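Protein chains in written order, with the numbering used here: chain A, 1 to 565; chain B, 1001 to 1565.
It is worth saying that the hints were derived from the structure and are not from the lab.
Mixed in with the good hints there might be a few duds.
Stated by the list, open to error - The calculated SDA-like cross-link candidates involving lysine to any residue, where the alpha carbons are at most 20 angstroms apart (straight line), are:
id, chain 1, residue 1, chain 2, residue 2
1, B, K1034, B, K1066
2, B, K1186, A, S7
3, A, K261, B, K1034
None of the values given here were measured: they were computed from a predicted structure.
There are 2 protein chains.
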Amino acid sequence: MTVSDKSRQIRAAMRQEKAELVLKNASFVNVFTKELMKGDIAITDGVIVGICEDYEGVKELDMQGKVVCPGLIDGHIHLESAAVMPVEFARAVVPHGTTTVVTDPHEIANVMGTDGIRYMLEASEGLPLDVRFMLPSCVPATPFDEGGAALKAEDIEPFYQEDRVLGLAELMNYVGCVQQDEDVMKKVTDAVNHGKILDGHAPFLPGAELNAYVTAGVYSDHECSDLEDAKQKLAKGQYIMIREGTAAQNLKALLPLLMSKTADRCMFATDDKHPSDLLTKGHIDYIIREAVKGGVDPITAVCAGTCHAARYFNMKTKGAIAPGYDADLTIVDSLESFQVQTVIQHGQIVFDGQLCDIKTPVIDSELSREALDTFHLDRVSASDFLKEGSLPLIGMIPGEIVSKNCGYADGVDISKDILKIAVVERHHHTGHVGIGLITGYGLQAGAVATSIAHDSHNIIVIGTSEEEMAAAVNALIELKGGIVVVKDGELVAGLPLPVAGLMSTVSLEDTNRMLDEVKEQAYLLGVQHEIDPFMTLSFMSLPVIPSLRVLTQGVFDVDAWKYLC
Amino acid sequence: MTVSDKSRQIRAAMRQEKAELVLKNASFVNVFTKELMKGDIAITDGVIVGICEDYEGVKELDMQGKVVCPGLIDGHIHLESAAVMPVEFARAVVPHGTTTVVTDPHEIANVMGTDGIRYMLEASEGLPLDVRFMLPSCVPATPFDEGGAALKAEDIEPFYQEDRVLGLAELMNYVGCVQQDEDVMKKVTDAVNHGKILDGHAPFLPGAELNAYVTAGVYSDHECSDLEDAKQKLAKGQYIMIREGTAAQNLKALLPLLMSKTADRCMFATDDKHPSDLLTKGHIDYIIREAVKGGVDPITAVCAGTCHAARYFNMKTKGAIAPGYDADLTIVDSLESFQVQTVIQHGQIVFDGQLCDIKTPVIDSELSREALDTFHLDRVSASDFLKEGSLPLIGMIPGEIVSKNCGYADGVDISKDILKIAVVERHHHTGHVGIGLITGYGLQAGAVATSIAHDSHNIIVIGTSEEEMAAAVNALIELKGGIVVVKDGELVAGLPLPVAGLMSTVSLEDTNRMLDEVKEQAYLLGVQHEIDPFMTLSFMSLPVIPSLRVLTQGVFDVDAWKYLC
């Protein structure tokens, strides 16, 4: 901040010159007094310079009949999960009043390592959405993952120099933390020594382990699905990120937190937001609406969507409507119906019924080329999916991402809904293909494949025959990533996700249209309607979720922590 | 923080090894859930590593029948005002449960400049009291002051490198700030750019000016004596430091803040604490007791004395009893009577009925010599206090530090309680002596003088004759600072304050005994009992308080902002 910038803001505050923008006659949420206040809000240089006094502005907006809130903040998201580039994500969420998101580029880092982090930093620069970063702490998720990269403490440490990096992202490896694994401890102490924040991820971590985890400096958790678990964590000093996203919805279970003395230690997060969910429900505005419907005081709900996150992340000038704060504002019709009318980001009107022009950030060409070329494997053939003898049988459970261990079976039997599942390594030309059987998916013909495959993002394929599986994987390689449905060896629907195999290059609406189409085709081929054909599939290779998973080297028993074949 | 330190703490948290100290069966204040909780508190390496689980300790203390609170924090104090060295201050306040103070070395900086700041940093290093610093922002207080130093932005900026420096101290020059004075703006932006805190000092600053002041980044105020003034400031984002010290007591007026939704934006501060006040009342513990007596919920009162200050100052690991937090703990008999039993600082028992041994910090010898040699003036004689013609007459008001403009008088007239007052420049051998008359003080014989004279700390003297005044000033020069009472040219009582003319080198008790003696002698010589003979006097040269003040160059009309003679 320069003396001349700050002096100009003060001149506007003093009415020695006109403010750049004045919201006249505003009713606004004062997060300090926790009440609605009335009066002008004056803005200059992207900063709020005055409230509750009469101001004249070069531009003035009448706020009669509306309510001005601080801009909404998502405390934890993986932007890649929206399957679009950050610029498209911004286009989608700005009209919902989101002005800041804290992203963990964990997905792309599993594909591209630190280049993935750099890519996301560049791809989110200068948007009308403030994108802050937490550094992926657990790449790969386990030693059994064959991902695109492995990030050690020394790989991520230099990123703390970046202005938009707030800390270390969800420390999923809580076991490594409480057992004092050297690299985990290095990541922890680096974050602390840089004065940064450490996000947690430790569902139901009990007593002494939770003490140890928090002692490490992990002061948040977004994995609470249970009120008692959340209360334990609150009592030990963790902020609770109440998650209401696509893959997990915890608001209902945690609503009582927002009606108690601990409300000020709670914020909102989505973790994953998929295209259709963003388009149909909204973002943080949706969570606020749901909380209010659930009986939460609207001002408390707004605070959870704004200032509590700002305080936790030490974003000093965000989350409030007060002098010196960033002019990030979300203007709604009323606190109860919370329909976003106008959005101001850094003092600029970025949505007013109409979205402002958004310039696509320029990404370093070398990095961009690298992101568009992340499939390092040869075409496959049916024989790659053959394996002698019986194979472990994974049982999918409708509406869940956990799976059952269903013993062994001899091979595909469509009549019994026994299909073949495989994970094809795609990062380092290893030729590894892990093969198993799966039941509960329902496919009757063809094959489906996706390169969104947590967390290593290899290629997962399920098919009714080895030939169809090979066709699906080859179609996906052709697209350089995405989601495909194949029948009789031909592509019947495909969503290209050429950026690291995770993100499309088109708009959220178009991406969603294609995603609907691949889903529709998957259902037409018999996939059970209780299952999301690709989201559920995308977790089938994540070896931290019980019971059986398919990895690049075979079927893995998570409970026994070993390969079955 | 090193990996091995943090790993050791985690091992203790995990019960893989014994904690160094365990408080067994503790009832403790959980500032997050805002309730009393029960259970063990385990400490290793000065850090709380576990709560609410059974722990074994190398040392264990039974907490039955006691309540454990976070260590108490004073949000704003000038340590020099206790008239003793920081080590003696620590000896006095640790038994009252204070574990952290945030000091502004404004007094000594007016005498010794940046060397004064360095001196206080060294003099408070390694105490069983965490002394944090705010950098003096307004030295001198006005352009009319002739102090020992003038601190520009570039003089104080290097101190932001010091670990214990938290920000820029009370920005008393709010006029300079809202009028964008170049040096003030440089100080403001330096603090912001270093990610530091800016304390305010702006009683009753109205509307747009307050907006401008807060826009600068000033997010606290400790000058509120009026509830409405405090509410305005809270609404604009300032934290309120509820001040209850020796010179000003605002708790009663501001109690309602602690019984409203804004309680979490309030903390406690003393600003100035004089020896007798510390000895008879206590410190932050006293304010908590008074607040509770006034009807404040005891847990809210504890939060105001602990975590709210920690949060405002971004002292991330202070102010709570939770894993990873500093083991600064104040153990009391009950929340209601709040009598301190035991104090733990950085995991060490520093008071347990008995105070621990406290090592006196070693101060650089050059700096020490400089601090003991701050009287740069020659002996004075009666003729130095003579001035032709009539002189402005200052009216003292019992119980106030403001004064009245009583016109002019011709000279001393003891029968009418008209005495001579003078301020003798003592920093730079200028020979300046400002002379006026004063009424309302009551002295009937002799003279009194003090080198505690806000803010420049020249020598203020009041006398019944020029000879007595000269004797008093010479006695004070002899002592190298302090407070003296003289009768018939002879010293009748004296408190030596040889360190910068502000602090004694003996204990608080001894200092207080001598202070009582000089006061007693002053009262014996006729000083009105409604007036504190030296505290009131010490403000008579501070030209920001209406109406008349004596400066080194004459009587100053604060309302008219000019010299009268």
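Hint-by-hint comparison with the structure:
no. : hint              : result
1   : B/K1034 x B/K1066 : holds, 17 angstroms
2   : B/K1186 x A/S7    : holds, 10 angstroms
3   : A/K261 x B/K1034  : holds, 7 angstroms
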